[in-house]
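There are 2 protein chains.
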Amino acid sequence: MPKKCNFIEKLREAGLRPTKQRLNMCEVLFNREKTFHFTINDLVKMISEKMNQKISLATVYNTVHAFEKKGYLKEISIDSHKSYFDTNTSVHHHFFDEETNELIDCDENDIDPVNIKKNITGKKINSVEVLIKVASDNQNQK
Amino acid sequence: MPKKCNFIEKLREAGLRPTKQRLNMCEVLFNREKTFHFTINDLVKMISEKMNQKISLATVYNTVHAFEKKGYLKEISIDSHKSYFDTNTSVHHHFFDEETNELIDCDENDIDPVNIKKNITGKKINSVEVLIKVASDNQNQK
DNA sequence: AACTACATTATAATAATTCTAAACTATTGA
DNA sequence: TCAATAGTTTAGAATTATTATAATGTAGTT
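Residue numbers (our numbering), protein chains in the order written: chain S, 4 to 145; chain X, 4 to 145.
I should point out that these hints are in silico values taken from the structure, not numbers from a laboratory.
Misleading hints may appear alongside valid ones.
Identical chains share a label here; the pair holds if one copy fits it or two copies do between them.
[Said to hold, decoys possible] Lysine-lysine pairs mimicking DSSO-like chemistry, simulated, CA-CA at most 27 Å apart:
| no. | residue 1 | residue 2 |
| --- | --- | --- |
| 1 | K53 | K73 |
| 2 | K126 | K37 |
| 3 | K136 | K77 |
| 4 | K13 | K73 |
| 5 | K48 | K85 |
| 6 | K23 | K37 |
| 7 | K136 | K120 |
| 8 | K77 | K121 |
| 9 | K136 | K121 |
| 10 | K37 | K121 |
| 11 | K85 | K72 |
| 12 | K37 | K127 |
| 13 | K120 | K37 |
| 14 | K121 | K85 |
| 15 | K77 | K126 |
| 16 | K120 | K77 |
| 17 | K73 | K85 |
| 18 | K85 | K136 |
| 19 | K73 | K57 |
| 20 | K77 | K53 |
Here the structure is a predicted model, which is why all the values come from computation and not from measurement.
Working from the sequences, and respecting the hints, build out all of it.
This is the structure:
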């Protein structure tokens, strides 16, 4: 688990000034065992609760976008109304539970690599993302 | 290519009343050789141009959502700011050109089926979608 | 310490989408 | 055929999510 000083480094390396607000956000986002998914709304709540300190909504948007640009966060878009960010920025896929609105990481071992046989001419592939939408299986209860 | 009467049937079968507006939208969306992708904005423009007739924005939203619910359209979400609809509702994947903002169907032969080895317990898979983000390959020019 | 560039903030502005309630229209059945 | 009714369309208001603005504040540099 990284300490505060590591976040200062982390921000500096990305060319971002280590401000109070950014360090608070780093604490909330990265000072934990497991990576997780959140919406901007979730995050604003988490910051004000955990840090017990006010933060401007604009700052949260700015900082999330700065972090995304620097590769500290990844956006996962489900549909036009559901957009999440992921603190796990490695290449991995997702399950999305359409009933609970829960986004769940897909373990690398649970899915075979996606094999693209033919790409578009003159283009390079930047990313390949699989989204598996699931819901409860009620066949048994019927 | 379906004729107007087919659209009346199509709508009725889905439990939607064949109104003038919905038939116009069917013309614009489904009376063509190839399936295509559009945003709500695109569609509003297309209707007013092609049909030479005014349509309320609210109606376009309502109708697109009704069509989506009935399986006539599928939403493809790229990120929180880019949401497309697809008149091709079959299971297929997409390329997204990050430079031109163009969404391109991935031919079935160009990608191997995605093999999910382990699903979440108690859940059934509703859909599996792959999104391949591409950009121009400038390595040669460098 | 003072300067400069960048950040934060509250608020305003914008954009996308949904709601509302009145007017309209397709369907049903007398 | 015509009235009843249930669903639909509409303009505009309301809502929500996000971004812009401009004043104030802060980090890094000299």
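Here is what the structure says about each hint:
no. : hint          : verdict
1   : K53 <-> K73   : within (24 Å within a copy, 43 Å between copies)
2   : K126 <-> K37  : between (35 Å within a copy, 23 Å between copies)
3   : K136 <-> K77  : both (19 Å within a copy, 14 Å between copies)
4   : K13 <-> K73   : within (10 Å within a copy, 48 Å between copies)
5   : K48 <-> K85   : both (17 Å within a copy, 26 Å between copies)
6   : K23 <-> K37   : within (23 Å within a copy, 54 Å between copies)
7   : K136 <-> K120 : both (24 Å within a copy, 15 Å between copies)
8   : K77 <-> K121  : both (26 Å within a copy, 24 Å between copies)
9   : K136 <-> K121 : both (25 Å within a copy, 14 Å between copies)
10  : K37 <-> K121  : between (36 Å within a copy, 21 Å between copies)
11  : K85 <-> K72   : both (20 Å within a copy, 17 Å between copies)
12  : K37 <-> K127  : between (31 Å within a copy, 26 Å between copies)
13  : K120 <-> K37  : between (34 Å within a copy, 23 Å between copies)
14  : K121 <-> K85  : between (31 Å within a copy, 25 Å between copies)
15  : K77 <-> K126  : both (22 Å within a copy, 26 Å between copies)
16  : K120 <-> K77  : both (26 Å within a copy, 25 Å between copies)
17  : K73 <-> K85   : both (22 Å within a copy, 21 Å between copies)
18  : K85 <-> K136  : both (13 Å within a copy, 19 Å between copies)
19  : K73 <-> K57   : within (25 Å within a copy, 45 Å between copies)
20  : K77 <-> K53   : within (22 Å within a copy, 39 Å between copies)
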